[in-house]
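Visitor: Residues per chain are reported as follows:
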Amino acid sequence: MTTPTDRDLILRARRGDAEGREAFGELVTRYQTSVFNVCYRMLHERGEAEDLAQEVFIRAYDRLHTFDIEREFGPWIRRVAANLCLNHLEGQKVTTELDDERDADPTQRPESVVELKERGEQIRAALASLPAHYRVVVELRHYQEMSYEEIAEEIKIPLSDVKSHLFRARKILAEKLHAPD
Amino acid sequence: MHLTEEQLNEYLDNETAERAQIELHLSSCDKCAARLSTLQNLFTELDSLPELELTKSLAAPFTLRPSLPAQLPKFLTLTASLQAAVALAAIIIAAPFVIPLIPAIETSSLTTLLFEAQSQWTAWLDMLSQFQMPAMPEIPILEMSSLLMALAGVSVLWVLGNGLLLRNQMK
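Protein sequence lines correspond, in order, to chains A and B. Using our numbering, the first residue of the first sequence is number 1, and each one after it goes up by one. Using our numbering, the first residue of the second sequence is number 1, and each one after it goes up by one.
Pulled out of the complex, with its shape left as it was, chain A reads as follows (with noise of 0.2 Å):
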């Protein structure tokens, strides 16, 4: 038996049936832990990152119907997850101006430098410590690999803006991570 494509997938989840949900759930197997990993680098907390990331799913299969089936799903999923991070971060605008303010005070960080000692863990956090519209425009550029124009299209801000959001959120990340010890 040959592996159903995503198209087929899709194509059954839209009948919205019983076999539907479960079709849609073998495409969420599929792709749940790339859309987490959208979802964890944008917000960096790993139960803020799964519940988002269950939204995501949820919220595309109410509006598989809006889906173009020629266009390819993992894209498309992953572009919706960095909207709806955005969107949330946008959402907890106070909070993070909060969590800005903590990053500026070394002392008062939750993190120890013990669990920061990894790269990886380094870079996640210089990510979390940008404005949430710098964010957005490094995760599409880096990791989702958009042109400049297509993430215009997509978060609907100005070219101009993309270039200048992505070019200080390197300023920042380069400051952040190459800074002498």
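For the record, the hints were derived by calculation from the structure and aren't laboratory data. There could be a bad hint or two in this list.
[Claimed, not checked] Quick list of in silico lysine-lysine cross-link-like pairs, DSS-like style, CA-CA up to 27 Å:
1) A/K176 <-> B/K31
2) A/K163 <-> B/K31
3) A/K171 <-> B/K56
Starting from the known structure of chain A, fit chain B onto it as the hints suggest.
Guide: Quick look at chain B alone, frame taken from chain A:
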């Protein structure tokens, strides 16, 4: 004149139309080449970020089917039949050994218990026979016969009504 940050970023993102000029400048400017190298390192670090695994499956809400009537697997049904047959055989084999022991069981206590229970039951029936309903106030307008007639009429109507309602389902 050095390259701008924008030029370096666009060069690494493959989003510039000035690649040839930028490369020409980089070949002759160590400072800009070093800046590009630093930026390239950042790209490499970002790209090297490992993917993490989930601690739970997100597919569960979509794979849970509505509960169906539980059906035992075939092998379990066969096992159950086999167990029943073995139990029956065990009873048949054990019967000749157990039956001679039955008269030896002390039954007097059981008889006493049954007798006591019967006495209590009789006493309770006696008490019940002496019970008298409190006198009901008489309703001058309604007599018992007219009440019974009304009750019978309502019952007939109820049966007819239900019959009409269920007529289609009976077909």
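Visitor: Look at each hint and say if it fits the structure.
Guide: Verification of the supplied hints:
1. A/K176 <-> B/K31: holds (21 Å)
2. A/K163 <-> B/K31: holds (23 Å)
3. A/K171 <-> B/K56: Cα-Cα ~36 Å, so violated.
The structure does not agree with numbered hint 3 stated previously, though it agrees with all others.
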